[in-house]
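Protein chains: 2
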Amino acid sequence: MSVYLHDIPLSQAQARLRDALQEADLWRMLGMEEIPLDENALRRVTAEPIWAEISSPHYHASAMDGFAVRAVETSGAQPSSPVTLYTGPQAQYVDTGDPLPEWANAVIPIENVESLDVEGEITSAIRQPAAIRIRASVPPWAHVRPMGEDIVATQLVLPAGHILKPVDLGAIAAAGHQSIRVARKPKVAILPTGTELVPIGAKLKAGDILEYNSLVLASQVKQMGGEATRYPITKDDFDLICQHVAEAAQTHDIVLLNAGSSAGAEDFSSKVVEKLGTLLVHGVAVRPGHPVILGMIDRGQQTMVDGQSSMVPIVGVPGYPVSAALTVDIFVEPVIARWLGRRPLELPTETAILTRKIVSPAGDDDFVRVVVGKVGEKLLAAPLSRGAGVITSLVQADGLALIPSGTQGMEAGEKIQVRLYRNRTEIEKTILAIGSHDLTLDLIAQFLAEHDRRLASANVGSQGGLIALKRGEAHMAGSHLLDPKDGSYNISSIRQYMPGIPVKVVALVGRDQGLIVRKGNPKGIKSLVDLAGSSGVGSVQFVNRQRGAGTRVLLDYHLNLLSISPDSIMGYNQEEYTHLGVAAAVASGRADCGLGVAAAAQALDLDFIPLFQERYDLVIPKPFADNDLLAPLFDLLADSRFRGAVSQLKGYDVSMMGTVILEDG
Amino acid sequence: MSVYLHDIPLSQAQARLRDALQEADLWRMLGMEEIPLDENALRRVTAEPIWAEISSPHYHASAMDGFAVRAVETSGAQPSSPVTLYTGPQAQYVDTGDPLPEWANAVIPIENVESLDVEGEITSAIRQPAAIRIRASVPPWAHVRPMGEDIVATQLVLPAGHILKPVDLGAIAAAGHQSIRVARKPKVAILPTGTELVPIGAKLKAGDILEYNSLVLASQVKQMGGEATRYPITKDDFDLICQHVAEAAQTHDIVLLNAGSSAGAEDFSSKVVEKLGTLLVHGVAVRPGHPVILGMIDRGQQTMVDGQSSMVPIVGVPGYPVSAALTVDIFVEPVIARWLGRRPLELPTETAILTRKIVSPAGDDDFVRVVVGKVGEKLLAAPLSRGAGVITSLVQADGLALIPSGTQGMEAGEKIQVRLYRNRTEIEKTILAIGSHDLTLDLIAQFLAEHDRRLASANVGSQGGLIALKRGEAHMAGSHLLDPKDGSYNISSIRQYMPGIPVKVVALVGRDQGLIVRKGNPKGIKSLVDLAGSSGVGSVQFVNRQRGAGTRVLLDYHLNLLSISPDSIMGYNQEEYTHLGVAAAVASGRADCGLGVAAAAQALDLDFIPLFQERYDLVIPKPFADNDLLAPLFDLLADSRFRGAVSQLKGYDVSMMGTVILEDG
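Chains as they are written, first to last, in the working numbering: chain A, 150 to 814; chain B, 150 to 814.
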């Protein structure tokens, strides 16, 4: 068993797969089927060009309700000298869409006609008068839709490889078709493997991993136009995996073998491929997604249909969810596109400014998930978590930025190409918040979503937020920075970190800060004094917030008052980036306590020892404060439903919500 | 019956509908349903915010295959002074994803470990050695995915009103859910009415109108997230329509009553609404789509479920296909969005330069379908057919431009806002061809589609094409302009109409031009001489091409040689814009003959009298000739499959295809 993977460049890996498919005569549309022309044809792909069988209209049709006439007989009609035409030989009533009589070549709209009875008097028998009187002439073919106005028989209606939209279906019907040949949907088998996997909904114990990759993969395949089969979980048994893969290969066009593709002890995937066929690639220089496996396996002779290839491609999809989803986008989408005869999916690309430095291995094509927002005139890309296990980074991503192999990363402020998942209009409705985290931000996100705005928040601590505002990288920052000199909040820090920038500061909430401890407070912690090694409580493991966080400033302020040295606190250098991260560390037993807000303790059913009260403000540079983009946010601060929702969180005080603390002129 | 509609502004019409829905307590999410978390949840809309039930990972997980250790016990390890840790108390093998033992706080990857046996010798028992030797220390939490790295219990995973993507389903599963509450799909009844309507697939006679609007409408509704019921066609019988509408209202959330909404004799829709409920709007100042009807009707007491509104909105959708589709986009989409709790669809908007003057009624919001392409650095919008009956204008449209009420139109060269149906990347792959029409262009479109390019062609005649090229409005023009002086093609016209612009001219095809006549040539037409009123053939009705078309230049040239005056030709001023248009005019009996290409006659099973041969060239400004965008086009001219397809058209000669006629330096 080879423990180390040999990564090849992405383009080489894609080329190997393409060459192998070409050799197996599988780099082409797989086949077609004729389906009825109904709503189920939506989003299917045309397998052939569609040519018009008939013209539309298929006759000269009246474009108005009115009277069909010979244009030449209307000549000379004027307001002062009307012309009278007798119904029957000279004029015939037609509704919109009616065919013109053979002899007619124009239509006079009904509203331009006086209906006359046999005596020549005006009558209300609009449709069947004896004659009509007109006071204006019409040119030939006026108010007529000539045959073929929309579609001329034999013309191209749609090319092959076209994804059908609603109006396309109408045009195909208008062109005389009642069924349509579309590309057959590629059949994709998805096999999750791993003894540690448990199905969605199972009761979890430590070490269990929820198997949801097959759900994501199947949904991706469905969205791409394929038909996915999700197999049940196969445990790590080589023969069993071989057997299930071989079975799947008999009835599918491609097999996705998920997990087991890292180089660890349970790595069967590459051996499975080697046993059942040819291993093309084991390891690709792409992040996330390194341990990708590509191969071709035998379909199994006895099940082959005439003309069918004897080979089936197989992709060993890495186990981490982000790697898995990107592997399908990168390797499987182009194959499905080819099999359907359509263009591969191409996301629109925009140039954005990177907000944070990114370090990237020089040998890899590195796909970085980013949040994109427009701040002033600048389009910004803020990198999300790089972890291959962090599926929320894909959920939150507005786009994907590629750091190509050959570069070791990019600096903050550099221009970067981003493939966008959302369109510009949506992105321009995104409020970028950066700074300190507060649970209220999740509630704001939910309420703003109801008002046509999206809140994308990055948690970098209060100080980091003000610095980001100074650099023009966000619309607002949540901040709770205590001034140790006078006990005031935020203003002195704002002047220090963003000098000369006019701002509006609005109070969001007052909140309790205190020690989050395990249920029942087993270590009997009462105050900050108990954190120091010298205290009587015994060894207390602390978990801290990151440098620059307001909570950390608060801690340092009080440690200083109490003359406690940070060195005497075990875990002072263990950093978490959110209140809930601190609470989770305590809940898991990794720490005995941490400083944070009551709501975080409540959320994970922990105990809370309130120590201080503080104010959490929103800091907004002046230009954005008067901007349409943020208007719904200010409305929210006065919304009783929102205030109610916040007050239900433990330890929160909404009495100052919306109060303007500072507004520069 | 009121014959004249009273049009109200679009915004007012939308407001009336919204107010009526609000009053009926229907301006809100309709309801929710709980569905299993599987692929069918894709594209459904979350009915509630989704909060995390569990953290992910839900335990501290090893991020690598390796050995779990206490970080503190690795300190001091260096290449020259290794540290040995005994398995059991100090080190424990873990696979990626395994939980850390209680006592461990870091993982050393297996590739950084030497496995030792009981004698302290290196062993190949990688997973179960007696001890491990390491030559580097690790910090705490190295190679560990701490609990909550991805998701912390209680955090917001997704807001309400979110359209579910594949990765979202994974995140929801990771957060501990196995089902999901989504908005109930709004039920939309679609009732086509009209005695003239026939279903798709019916044998057509003059006056029959194919009923495909219900297919387009149902597909739109499906794409918007609703559930459509297509009713069979109801003939124009007031009581029958009332009965069917009332039935549909009992089981649907909204009724779309299609056709019968113009002010003609068969206009029952507004009376139906008045009989069954309240007419809110009859006529909206919007083009296309004028005769829109909006109303609220009674659901019918006996079928009401508790809490359900007693009212159901009804939309009288105009009969013309473009009006019908736009009415649903404008009036129904925002309602469905509201009922689903999601944001209304918003197309991205770009500023483009209008290529042609548009005249628009000052009182109307006028929606113009446009083809969009990038020529050089300019984004151009070329208006398509304005006809409400021309569904192909929606099929071909890249976007929709609004000429707002209050303006009487826009000039060529003005900037216009376009709502784009395609993304920029696709638009930048569009080749804009403008000029003379040739059937070969349809074949080029089909072949280019296979090579990641889209051909959008506008037919304005050869001369119009050259003028458009001069104005920088297209990438190429098809042209067959005869120089009456020397019998050469195109070059003198190019110098005349686009002086100083370097071009490349490539021959596309040689083709026959001649008279297209009815099958059997009943009028016995032999040559141009027979067109003149004085000829012996008798009265011949001619159909001409538009001014500037190469075919018209050819006609005028030969008429001049024969000293025939255009005034002597009946129908000389009847203009068609394509060869097939001319053929259709002859096939329908509207004309006896027209000058055109053989292929057009063949397409409609007409006879053809060849008179002349001519060359049809592609004219390409130099910068585009060397551009990536057009490269696949030049490849095509050398492609034997393409040449074969063209030679199968009657009257075409491909021997010169691809020959460079002129290339400026």
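Calculated from the structure, these hints are not laboratory results.
Quick caveat, the model's predicted, so the values are computed rather than measured.
There may be inaccurate statements among the hints.
Stated by the list, open to error - 30 Å max Cα-Cα, derived DSS-like pairs, lysine-lysine:
#1 354/B x 314/A
#2 675/B x 527/A
#3 506/B x 506/A
#4 527/A x 354/B
#5 371/A x 352/B
#6 371/A x 354/B
#7 314/A x 619/B
#8 314/B x 578/A
#9 314/A x 424/B
#10 771/A x 564/A
#11 314/A x 527/B
#12 314/B x 527/A
#13 354/A x 314/B
#14 578/A x 371/B
#15 523/A x 352/B
#16 578/A x 523/B
#17 336/B x 384/A
#18 564/B x 578/A
#19 523/A x 619/B
#20 527/B x 371/A
#21 352/B x 564/A
#22 564/A x 314/A
#23 578/B x 527/A
What the hints assert, rightly or not - Reference listing, derived: stretches of chain B covered by chain A, where coverage requires no fewer than 3 residues with Cβ under 8 Å from a Cβ of chain A:
#24 298-305
#25 660-672
Where is the CB? At the ideal position from N, CA and C, for every residue including glycine.
Hints, verified against the model:
Among the hinted pairs, residue 354/B with residue 314/A is consistent with the structure: their alpha-carbon atoms are about 28 Å apart, no more than 30 Å. For a cut-off of 30 Å, the pair hint linking residue 675/B to residue 527/A is broken: about 69 Å separates their Cα positions. At roughly 49 Å between alpha-carbon atoms, residue 506/B and residue 506/A are farther apart than 30 Å, so this suggested pair is violated. As the CA atoms of residue 527/A and residue 354/B are separated by approximately 60 Å, the hinted pair breaks the 30 Å bound.
Using a Cα cut-off of 30 Å, the hinted pair residue 371/A and residue 352/B is violated, with the two alpha carbons roughly 37 Å apart. Proposed proximity of residue 371/A and residue 354/B is contradicted: the alpha carbons are some 41 Å apart, above 30 Å. For the suggested pair residue 314/A and residue 619/B, the alpha carbons sit about 35 Å apart, so the restraint of at most 30 Å is broken. For a cut-off of 30 Å, the pair hint linking residue 314/B to residue 578/A stands: about 20 Å separates their Cα positions.
Restraint check for residue 314/A and residue 424/B: the C-alpha separation of about 36 Å exceeds 30 Å, so the hint is violated. Note on residue 771/A and residue 564/A: the hinted pairing holds, with a Cα-Cα distance of about 26 Å set against a maximum of 30 Å. A hinted pair counts as satisfied when its Cα atoms are at most 30 Å apart, and residue 314/A with residue 527/B qualifies at roughly 28 Å. Under the criterion of a C-alpha separation no larger than 30 Å, the hint pairing residue 314/B with residue 527/A is consistent with the structure, at around 28 Å.
For the suggested pair residue 354/A and residue 314/B, the alpha carbons sit about 28 Å apart, so the restraint of at most 30 Å is met. For the hint linking residue 578/A to residue 371/B, the alpha-carbon distance of about 26 Å falls within 30 Å, and the restraint holds. Restraint check: the Cα-Cα separation between residue 523/A and residue 352/B comes to about 56 Å, which exceeds 30 Å; the hinted pair is violated. Only pairs whose Cα atoms come within 30 Å are accepted, and residue 578/A paired with residue 523/B is accepted, the gap being roughly 26 Å.
For the given pair, residue 336/B sits about 44 Å from residue 384/A by alpha-carbon distance, which is inconsistent with the 30 Å threshold. Of the pairs offered as hints, the one joining residue 564/B and residue 578/A holds, with about 24 Å between alpha carbons and a cut-off of 30 Å not exceeded. For a cut-off of 30 Å, the pair hint linking residue 523/A to residue 619/B is broken: about 37 Å separates their Cα positions. A threshold of 30 Å between alpha carbons decides the hint, and for residue 527/B with residue 371/A the separation of about 37 Å lies outside it, so the pair is violated.
A distance of roughly 60 Å separates the Cα atoms of residue 352/B and residue 564/A; the hinted pair therefore is violated under the 30 Å criterion. The suggested pairing of residue 564/A with residue 314/A is violated, with an alpha-carbon distance near 36 Å, which exceeds 30 Å. Straight-line distance between C-alpha atoms of residue 578/B and residue 527/A comes to about 26 Å, which keeps the hinted pair within the 30 Å bound. Evaluation of the coverage hint for the stretch 298-305 of chain B: fulfilled, as 8 residues show C-beta separations to chain A shorter than 8 Å, against a requirement of three.
A count of 0 residues in the stretch 660-672 of chain B with a Cβ less than 8 Å from any Cβ of chain A is obtained; the coverage claim is therefore unmet, three being the minimum.
The structure shown violates the earlier hints numbered 2, 3, 4, 5, 6, 7, 9, 15, 17, 19, 20, 21, 22, 25.
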